[in-house]
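Work out the full structure: start from the sequences and follow the hints.
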Amino acid sequence: MTATRTGEGRATGAPSSAPVAPFDPVRVRADFPIFGSPREKPLIYLDSAATSQKPQAVLDAMDRYYRTCNSNIHRGIYGIAEEATALYEDARRRVAGFVNAASPREIVFTRNSTEALNLVAHSWGRTNLEDGDAIVLTPMEHHSNLVPWHLLAAERKIELRFLPLTSDGQLGVEALPGLLADGRAKLVSFVHVSNVLGTVNPAAEIARVAKEHGATVLVDASQSAAHLPLDVRALGADLVAFTGHKMLGPTGVGVLWGRRAMLEAMPPFLGGGEMIREVSLTSSKWNELPWKFEAGTMPIAEVVGLAAAVRYLEALGMEFVFAHDRDLVAYALHRLAEVPGLRVLGPDADHRGGLVAFTMDGIHPHDVATVLDRSGVCVRAGHHCAMPLHEQLGVPASARASFHCYSLREDVDALVAGLHETRRVFGRGGAR
Amino acid sequence: MSDLFRENILDHYQHPRCHGTLEDASVSHEDANPLCGDRIRMDVRVTDGRIEKVRFSGHGCSISQAAASMLCEYVEGRTLDEVKKLTRQDVLDMLGIELGPVRLKCALLPLKTLKAGVYGIGDWPGEEEEEGS
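As they're listed, the protein sequences go chains A and B.
For the first sequence, this note's numbering begins at 1 and goes up steadily by one.
For the second sequence, this note's numbering begins at 1001 and goes up steadily by one.
No wet-lab data here; the hints were simulated from the structure.
Incorrect hints may appear among the rest.
Calculated Cβ distances over 10 Å to all of chain B for the following chain A residues [unchecked claim]:
{"id": "1", "residue": "R29"}
{"id": "2", "residue": "E89"}
{"id": "3", "residue": "R126"}
{"id": "4", "residue": "P139"}
{"id": "5", "residue": "P202"}
{"id": "6", "residue": "R259"}
{"id": "7", "residue": "G272"}
{"id": "8", "residue": "S284"}
{"id": "9", "residue": "T370"}
{"id": "10", "residue": "V371"}
{"id": "11", "residue": "V416"}
Listed next, with one range per pair, are the computed distances between beta-carbon atoms [said to hold, decoys possible]:
{"id": "12", "chain 1": "B", "residue 1": "V1102", "chain 2": "A", "residue 2": "T166", "range": "30 to 40 Å"}
{"id": "13", "chain 1": "B", "residue 1": "V1102", "chain 2": "A", "residue 2": "P388", "range": "53 to 63 Å"}
{"id": "14", "chain 1": "B", "residue 1": "E1007", "chain 2": "A", "residue 2": "A337", "range": "26 to 36 Å"}
{"id": "15", "chain 1": "B", "residue 1": "E1082", "chain 2": "A", "residue 2": "P267", "range": "55 to 65 Å"}
{"id": "16", "chain 1": "B", "residue 1": "V1102", "chain 2": "A", "residue 2": "E391", "range": "54 to 64 Å"}
{"id": "17", "chain 1": "B", "residue 1": "L1035", "chain 2": "A", "residue 2": "T166", "range": "25 to 35 Å"}
{"id": "18", "chain 1": "B", "residue 1": "D1090", "chain 2": "A", "residue 2": "I276", "range": "34 to 44 Å"}
{"id": "19", "chain 1": "A", "residue 1": "G271", "chain 2": "B", "residue 2": "G1100", "range": "32 to 42 Å"}
{"id": "20", "chain 1": "B", "residue 1": "L1035", "chain 2": "A", "residue 2": "S103", "range": "33 to 43 Å"}
{"id": "21", "chain 1": "B", "residue 1": "G1100", "chain 2": "A", "residue 2": "E319", "range": "36 to 46 Å"}
Which chain B residues stay away from chain A? Per the calculated CB distances, all over 12 Å, these [what the hints assert, rightly or not]:
{"id": "22", "residue": "S1026"}
{"id": "23", "residue": "D1038"}
{"id": "24", "residue": "T1047"}
{"id": "25", "residue": "G1049"}
Predicted model, so just to flag it, every value in this text is computed and none were measured.
Using N, Cα and C, we set each Cβ at its ideal position, and we do this for glycine too.
Rendered as structure tokens:
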């Protein structure tokens, strides 16, 4: 796959060799060594929403960096340090192109989405939110877009407002103007694709309404950057957070994109090396964007790996990745309907990305996941870092199957067979 | 893993012993496993340093609920000192299975809840957590 579609030439953001046809997921899977590694049973990996698997190209890129030019960036004036710096900054350009940022300077590398969101809460939030202000969030947020605001609300009197949830797991967007009407809400922050319901939220519409009311817009794109064409400028948001490890890249690297003027006006998050221009014993002046937000030695190998992941995804074509997800989720919804006592959380196939969470009558999701594990099927069980959402849905936990470009219909078949087996193990289901 | 759903576990899960609440409990304590949402409440009636009656309630997976059922059945009639001496191995012996780190937390939640109640919050040394992590 990588040999036939290299995706080279996209570094500037202009797709010069954009794919024109869907990929073959069976061939894609061959690029991911984990599926070929020896084990008792074949790996049926249905937990890509937690973290995706990594293609050989990503492993190679990181390995090559460590083997050929490992050195610290931006400081060394010797050959391999310049090479490493070039790799690191090329990666920034590639990520900028991937999300259609206006400039690489708008791409800040972080540890993950969580750190990007905390960066915004800490830096933008502490600068712009005062007692009496409000923030609009949604009930389907991951804890990473709730807890940073709880921390801030513990410091100053900030009201948290929530868009309502419809009965089929979508956002009641028509309530947004009402939540913004008194002018106190300075920020609207929401998840692009829910990690539990799978709902693809109308992000551009929400951003437009929020901007009309003068609110800043922050989007948690953790589940979307990895699965659909993400154009931050078309989105109309001010700030967008996403993570590398869900998009075929390594753990330990995430991204905060921000409109340049927005980032310029924000004070640094962490203090340390590289983020400063001048330091005296008692004060310092900040470096330019984006380095102002990149204190200390960054995860260089991981950034290099993320660039390789972006290159791989560009070669597949994000519109085809999304179409593949949607095909699988439609198939999964169809097959899951065969399983008695199974309740799917979230909307129909037309409104969701590549994941499906569900509960089974009388059988705890943990037990579902444990029985599935016996047949090599990996699903997530728990509240998926969205406790308030599960509370609203009236279930303590759920099981979740999620897909990526290497997922196959056969994986869904194995899941469904495993769910029938689960029902058999538990007889007519548990007592409660 | 193959015998994770042994008959005795499924039996205790589907037909829990000592399930319910006590209105005249000497001590009640509730705890949850934040990772998976398992929740256990233990109501204990103590007379002369002995557990006269114990009831558990809550919700969770078969492992946490079966462990609670087995544990309650075991401790009824025993002294508080005996309960304080129970270890995670005792719970695993009751269940008769070996568990990975995630499911271990499910299995140990009832003991953790019971001990925290029996000791009183703040006095409990918390050895299960240290061993279990």
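Going down the list of hints, with the structure as the test:
no. : hint                         : in the structure
1   : R29                          : holds, 26 Å
2   : E89                          : holds, 39 Å
3   : R126                         : holds, 27 Å
4   : P139                         : holds, 16 Å
5   : P202                         : holds, 30 Å
6   : R259                         : holds, 36 Å
7   : G272                         : holds, 30 Å
8   : S284                         : holds, 39 Å
9   : T370                         : violated, 6 Å
10  : V371                         : violated, 7 Å
11  : V416                         : holds, 20 Å
12  : V1102/B - T166/A: 30 to 40 Å : holds, 33 Å
13  : V1102/B - P388/A: 53 to 63 Å : violated, 22 Å
14  : E1007/B - A337/A: 26 to 36 Å : holds, 31 Å
15  : E1082/B - P267/A: 55 to 65 Å : holds, 59 Å
16  : V1102/B - E391/A: 54 to 64 Å : violated, 22 Å
17  : L1035/B - T166/A: 25 to 35 Å : holds, 29 Å
18  : D1090/B - I276/A: 34 to 44 Å : violated, 56 Å
19  : G271/A - G1100/B: 32 to 42 Å : holds, 40 Å
20  : L1035/B - S103/A: 33 to 43 Å : holds, 41 Å
21  : G1100/B - E319/A: 36 to 46 Å : holds, 39 Å
22  : S1026                        : holds, 26 Å
23  : D1038                        : violated, 8 Å
24  : T1047                        : holds, 30 Å
25  : G1049                        : holds, 33 Å
Violation of the numbered hints given earlier is confined to hints 9, 10, 13, 16, 18 and 23; the remaining hints are satisfied by the structure.
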